[in-house]
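Participant: Position in the sequence shown (from 1) plus 22 gives the number in this note's numbering.
I should point out that these hints are in silico values taken from the structure, not numbers from a laboratory. Check the hints yourself; a few may be wrong.
[Claimed, not checked] Distance condition first, Cα-Cα at most 27 Å in a straight line; then the derived DSS-like pairs of lysine-lysine: (1) Lys81 x Lys173; (2) Lys105 x Lys81; (3) Lys173 x Lys196; (4) Lys81 x Lys196.
[Unchecked claim] Beta-carbon label-pair distances, calculated as ranges: (5) Arg136 x Ser171: 38 to 48 Å; (6) Val194 x Ala62: 47 to 57 Å; (7) Glu147 x Val194: 37 to 47 Å; (8) Arg119 x Lys173: 11 to 21 Å.
Just so it is clear, the structure is predicted and the values come from calculations on it, not from any experiment. Beta carbons: idealized from backbone N, C-alpha and C, even for Gly.
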Amino acid sequence: MQIAILLGSAREGRVSDKAANYIKQRAELLGHQATIADVAKILPADTHEKISSDPSWSKTMSEADALIIVSPEYNHGYPGPLKDALDSLGDEGEYTRKPVVICGTSAGGMGGVRAVEQLRQVCTELSLVVLANAVYFSNHFALWNEDGSIKDAGYDDRTDTMLAALAWYAQVLKTGRTEVPFPEKKAK
């Protein structure tokens with residue numbers, strides 16, 4: 023399975039990159055291919071212009087069988103650059119009927135759950151198939167060793183379970199996208 027991991031924060035000093043790297047490592051240990059797409063690199067520096075993403079983001083998502091979004095929670099929401107990156111491909115069909123898992127990170131004990139809930143609505147509108155198998159990285163400042171490894175080995179089982187569900191959905195939905203015609207809307 024080819025996984026696109028969308029790192030949702032462009033802030034200096036972010037911690038969510040540790041979670042994205044951890045998920046990538048777990049995916050590769052299980053035999054999957056994973057690419058991290060960083061919103062800080064996807065969007066133009068001047069976002070007052072029309073949002074048009076880096077062509078590599080479009081290519082990464084087109085080739086992906088599944089998407090994992092890693093989003094911090096800032097003030098009970100998700101970062102604006104993440105929304106811009108998601109919207110930059112909204113009309114191009116790269117997301118259509120592909121599975122997505124949204125993982126949250128936060129300094130608090132809830133692991134970004136409020137941001138994840140908001141992102142589920144956005145992903146549904148973009149025609150992604152949202153899975154419930156999220157992993158929440160709570161208390162993220164204390165969760166990581168200096169070398170970027172995770173301190174709590176319990177995350178290994180949760181992340182592997184998430185990746186197994188994502189792989190199953192990716193296989194089923196890929197078959198569906200290629201072999202089963204999607205019903206067109208009837209004209210009124």
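Participant: Give a verdict on every hint.
Facilitator: So, going through the hints one by one against the coordinates:
{"no.": "1", "hint": "Lys81 x Lys173", "result": "violated (34 Å)"}
{"no.": "2", "hint": "Lys105 x Lys81", "result": "holds (18 Å)"}
{"no.": "3", "hint": "Lys173 x Lys196", "result": "violated (35 Å)"}
{"no.": "4", "hint": "Lys81 x Lys196", "result": "holds (17 Å)"}
{"no.": "5", "hint": "Arg136 x Ser171: 38 to 48 Å", "result": "violated (27 Å)"}
{"no.": "6", "hint": "Val194 x Ala62: 47 to 57 Å", "result": "violated (33 Å)"}
{"no.": "7", "hint": "Glu147 x Val194: 37 to 47 Å", "result": "violated (22 Å)"}
{"no.": "8", "hint": "Arg119 x Lys173: 11 to 21 Å", "result": "violated (37 Å)"}
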